[in-house]
Every structure is written in structure tokens, then in C-alpha cells.
Amino acid sequence: MITEEQAGKAVGEVLGHYKKEKKNLIPLLQEVQATLGYLPRKALQGIADFLKMPDVEVWGVATFYNQFRFVPLGRYHTTVCMGTACHLAGGRLILEALERELNLKVGETAEDGKFSLERVACIGCCMLAPVVVIKDKIQPKMTPFRVEEALIPYKQEARGELEEGKSESKS
Amino acid sequence: MMTFEEIRNRARSEWETLQNGVYILIGTATCGRAAGALDVVDVFDKELARRKLEVPIVKVGCTGLCHADPFVTIAKPGSLRVAYANVAPDSVPRLVEGYVAGDDPCLELALGTVEGGDGETISIPELPRFERELRLILRHCGYIDPENINHYIANGGYGALEKALKMSAAKIIGELKKSGLRGRGGAGFPAHTKWELCRKAGSRPKYVICNADEGDPGAFMDRVVLESDPHEVIEGMIIAGYAIGAERGYIYVRSEYPLAIERIQIALRQANEMGFLGDNILGNDFGFKIEIAAGAGAFVSGEETALIAAVEGRMSTPRPRPPYPAESGLWSKPTLLNNVKTFGYVPLIVERGGDWFSSIGTEGSKGTAMFTLAGKVVNSGLAEVPMGTTLRELVYDIGGGIAKDKQFKAVQIGGPSGGCLPEALLDIPIDYDSLREAGSMMGSGGMIVMDEDNCMVDAARFFLDFSTKESCGLCTMCRLGTLQMLRVLEDITAGRGKIEDLDLLLALAEDVKMGSLCGLGKTAPNPVLTTLRYFRDEYEAHILEKRCSARVCPELTVYYILPEKCDRACEHCVLTCPTEAIKGEKGEVKTIDQEKCSKCGTCLEVCPPEYNAVVKLSPVSLLPSSKSPAEEAQK
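Just so you know, the sequences run in chain order A and B. Take the first sequence: its letter number 95 is residue 95 in our numbering, and every next letter is one higher. Take the second sequence: its letter number 311 is residue 1311 in our numbering, and every next letter is one higher.
Source of the hints: derived by calculation from the structure; they are not laboratory data. Backbone N, C-alpha and C define an ideal beta-carbon position, used for all residues, glycine too. Each hint should be verified, as a subset may be incorrect.
No farther apart than 30 Å at their CA atoms in a straight line, the calculated lysine-lysine pairs in the DSSO-like style are these [said to hold, decoys possible]:
(1) B:1565 / B:1498
(2) B:1333 / A:23
(3) B:1469 / A:141
(4) B:1046 / A:135
Computed spacing ranges between beta-carbons, pair by pair [what the hints assert, rightly or not]:
(5) B:1364 / A:63: 53 to 59 Å
(6) A:20 / B:1169: 35 to 41 Å
(7) B:1585 / A:63: 24 to 30 Å
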């Protein structure tokens, strides 16, 4: 998680590039999210103050659009395409397999911050359906069984890091 | 500042230099990248460097043959231009040695020869689809470098702008009227009417907005155009600005399309540098600037008034019309809002005249139609055909028919706003009016083919689920009516449906259409209405027999291992079942514990094809009793 201080500083830097015009609200939210990975409360307040808008209006716009997130994503962010072509090729089974393998529901981030799971409406790679994206890498023509295989290297990497983390904290 | 003549001569000489040597074209649009095109580029770079060959690699957009990605063409002056499909990194050394350095065209890897270019649209005559296609908007796609404005100019680009600036606004709009061009966003409103309304509107400033918020799942033609030939859209927008008297334009593009945004940014910068944008364009008393507005993910933003709200920085909700954006749009000023493809046609219409354009297509729908083909077809990708081409030609001649010898069931056109059409309607011509009559619509042009393994009730449920999630919530019938329809469909797919539900669905559909302000709600019932109209038997089977003929709906389907086919010694299913639902010692027939089975399909997938012992059964009552004959007898 990002501290309030970090959020305040990052927002301050982003705001410096914009005029105080209401039409800049969405670009501001996008740039702050690109910098911090998500939109912490403090950042939303900072944007509202800057544009002299009520907090609730900024919150309203931010929650309206699918792009904005209010919790950080996992390090191995996983998205399942649930577009038409993917659905017809068994997208639901893929989604269920991911939920089972990651022990997460759609929209959740694991407590250790390693994995997160999201669904998207379509990433436009219909000829590769069904598609999963793990840490920005497209995994084409998934099957329930291949989901398990595709996750193995990431799970191993994540475990390696966890162990390193533990040994560091011990020493 | 250089004159247009000088700019064009310079661009042509750069293009000719390229044509006079050996060069390699690699498709690197998003679809190509997903298939690994950038790795292929890397290996080509290394292989060329290793052999000290100075051969340029041109990173082009998409040819529309997405099924063939990564797609590579090797061009040699005085020799055949050869296209290669599905190029793997390890076949690159062979291509470099064979055809780049030598004279062996590596026919075993080749898809065909590329003809055309130099003003003519490229084609691959070996592929039957090119007999059906007429590529206007796609004419440069996969042929020029979208990040190099000189490639566009050398192939005729910005010539239409130069011509338009010598014409009167009324003359340009007159050509548009003659052309019969209708808006390509889906609704098919005549383009010239919008332009004329904007031109006549008294208030200033005026705005031009390009709608690139392509939110239909399964449609990606706007993305391909912007990634492959962004300048044709920009040129169309500048001409529009001149014709209606606007000084500023916006391209509203989804942020889910990062590569398209990047390529538009590059294109805008280059157009500014060349003097096609900015003040005093090409020395005329006309200035125009274009900015990008990146969407933040809302399907409803595709509706014009909702899109305007988004550009203004508000929640993207529609408002009642009139007033139309042409009179009161962005910041309540006259605003011309057209789709990517509509702007894409403009340079061609100015260049070749409205009469030329209206000679293509049908009585009521002029020009070409662009479709993305996906789902159960052999060749998925993008196609551009004259209006009036039949659905059958598109699915079979261009799409190559149904994959894996399965039976065709339906073609879904227009995404969540469109409908599912059956085999019997495959011979209707593609045009705005025929599709609407059939209960579907042109929509954005996403076309998804379904086969016998797809359940039509489930497909309707899928689209309703999408519309429910994307409804902005403003209109009650759209917000709650679609949700109610979804609940009914969920009941039917789960085997809880009643036959009266079908009438309830029809009644709700009418209410949702009537009670919604914008296109999202007005068209959201279409997938349900068309499936009910053409596939009512499937609904009835779900309700009356608890049977899903495609064996898709999980509540109505069970997995079963055929004892006579099970190998007994093989344990693939037992070892991979995530819920440990499959029992059976080595040497025994494996059986599924239905209580534990999560219906994930893993056993069906891993059962080796030589046994093929796992089957799906629907209705559930087909499941043979697990009890032994003795137990049965006792009962």
C-alpha cells in the first residue's frame, strides 16, 4: 500500500502538468493511477481540491468508469478476457479455473499482494480465444488445464520472492 | 515551409528508395504482437546483422489476416513479393538465407504472392477471399509504416486535403451527399446531413470529434485502422473541420488501445510538422488542431451525447436529443461526431468523387462494410467487402467456413446491440436495412460465428449480462429491465425456467426498448429477441426437457466416463481433477462423483484422444445409474 505522504507527493507532481479545468478530471485520474497503480483516497481528495470540485463529484466520476481502481493490483496481475469469442470458446471455465487456482474472486488482490484477478470485456485478440493475460503477457487458447500450467512459473517466482522476503526479515 | 508538391516529391523519393531494394514487412498491430510478431522482428534484426545484410524491416499494421499472424512479407524488386503466415522465430534464419539473401522463395512456408500496391490495393490472389473483398479503408493497412507519414503521402495521402482546401465547403458536402455515405458507427445516419447541420449552425467555436470508443466485445476494426493507417482518419477529420468551419478536433479513443493511442500521437505530431495541422494549413487561411481524449472504459461512451459528457470530464451518461450535437454538442457548441471509418472514407470521396463512391454497394447502403470475423470460423480477422455481399460469402468464402468440421448454428452481428441470425438467413445481403429487418443491425461490425457447441440461450444471457454491467443507470428500464431479463435467462439456463417466461421476456424487451434514452438500452434486448425468434426450440428444450442441446449450461449438463471406452490403466483424469471427484484404482474403470464434480471440463480435456472416454450429457437424467444392477433390483 502507498502511504498518504507518497500519494500526496505523487499527486502534487501530476497536478503540476495540468490547468485547473474540469475537463482535465479524467486525464488527471488516469495519470495519477498510472503513477501510483491505483487511486488512494488521499489522491482523489487532492484532485478534488485542485479542481475546486466536491470530493463526491470526483468519486462519482472515478467510480463510474471501469478503468479506475481503488485497491492496488497484485504484482502478477491476471486478467481474463470475457469477450464474445472467448465466452463461446469456454471463457467461463477459464475464469473458474483461475479463481480456483489463485484462490481469488474476480476483482480481488491476494493479501500478500502477489496475484490479483480481473475480468475484461474484450482485449480484441479474438482469434486467440480464450485468452488470459498474466503480468502483461498474453496466454492464447487457454483450457482449464493449461491455466494451471501457465500459472506455474509465476507461482514459483512469487514463492521465491516470499522466501527471500522472509530470510531478509530474519537477518 | 515546403509546398505540398515538395512534401510529396520528398515522400515519393523515400518510398521509391525503399521499393528499389529488398525489404521486409512485418505486421505489428496488437493482433500481430499477441501472436509474437515482436519476437519475430527481433530475430530478423539479429539474423540480418549476423549476415551483415542492410535490409530494412518495415513494421506495418494489420492486413486483416489475423489468423496468419505473425505475418511477414518479403519484397524484392523485379521478383515476386511473397507473404508468409504464422512465421515462428525459428523459421526466420531459413527465410533470410532463402529469400532475403538468396533466390529461393521458401515456398513451403509461403502463404502466397502479394500483388498490387502503388495506388492499387494489395491482394494475395492465391486466397479466394480477395475475390470477394474490396479494400478502401484497409487499402494501406499492412502495406505502409503507420509511424511514417511519408509512406502515407507517397501513396496519395493528404492529396485529398490539398484538393479540399481549394473547394468550397458546400461543394465538399455536396460530394458527400452524392456519395450516399452513411455513418459507420452503426446507426447509419446520412453523413452529409450531420455535416450540413454543423456547417449551418451559427454558434462558434465548432468541434469535430472522432468516435473511436470501440467497446463491442468482438469488434476491433477501428483499432486496426488507427494502428495501421492513422493518417487517413486524421486527414478526414481535417477536411471535416474545414467543411463545417471548426478549429479544433478530438479523437476519443479507448485507453484499452494503448498502441492505437501511441500511433495517433505520432501521426498527429508528424502532421503538425508537415503543416497539415496547426495554423494556416498548407498556406491557407484555415487552422485546425486535434487532441486525443483517452476514454476510461465505459461502453455507453460510444453513444454520442454520453461521449461528449466524457470529453467534458463528467460521468458518461446520455441526454435526450434534440438538440442534436450538430446544434449543441461539446460545451453546448455545434459538434460533428463521426466514427473512425466514416472519417476514413472522406479523403477517398474527396479525391475520387461522390459518384464513384455511390457506384459501390446497394441502393440504400453505399460503399463498403468492414467486419471482424471471429468465433468458430477457420480464418478469423478483418474483412472489407462491398455492401450487398451476403453473410454466406463472408462466413464461408472469407472466413473459410466453420472450424473442425462442426455444424454452423448462427452468426451474431453487431455485438450486444445486434442479433443472432440462423443458417436460413445467410443469403441476405449485408446492408443497413436488410440486417435491421432481420432483427439485427450493422452495429460496429463485429461478427461472431457460432457452431453446434454453442448454446443460444447462453449466448443471449451473455450479451444481457454485458448490457446490464454497462448500463449507465440513468434510465430505469435499462438499469432494472435488462437486469430482470437477465434473471429470467439465468433461470432458464439453470433449468428453473417456466414456459410463461418466454412471453415475459418479450414483454420486458418491448418495455426496455421504449423506456431507454439511448442506443444501449434501445438495442440491448436484440440478442434475446433474435434468439427467441430463430431458436425458440432451444429455449423450450431448456424449459420443458431441462436439456441444453449444445451441452453448455452447467446445471443441465453432466460429465460421464464411458466404461467401455475408459482405458482403466490411464489415470490422467484422476490426477488432474481439481476437486478429486474421479475415483478408480489403477486397472479399474474411472467414475465421476457427481456431488464433487465442479464441471470444469479438465477430464474431458486430458482424456487421451485414443480413448475419448469422457462425454457430456444433457439432460442430467441421461446419466446411467451409478448403482449396481443388484442395488437397482432391490429398489
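Verification of the supplied hints:
1. B:1565 / B:1498: With Cα atoms ~37 Å apart, residue 1565 of chain B and residue 1498 of chain B exceed 30 Å; violated.
2. B:1333 / A:23: 15 Å, holds
3. B:1469 / A:141: 26 Å, holds
4. B:1046 / A:135: 27 Å, holds
5. B:1364 / A:63: 53 to 59 Å: 43 Å, violated
6. A:20 / B:1169: 35 to 41 Å: Holds, since residue 20 of chain A and residue 1169 of chain B (Cβ atoms, about 36 Å apart) stay within the stated range.
7. B:1585 / A:63: 24 to 30 Å: 55 Å, violated
Taken one by one, the earlier hints fail for this structure at numbers 1, 5, 7, listed in ascending order.
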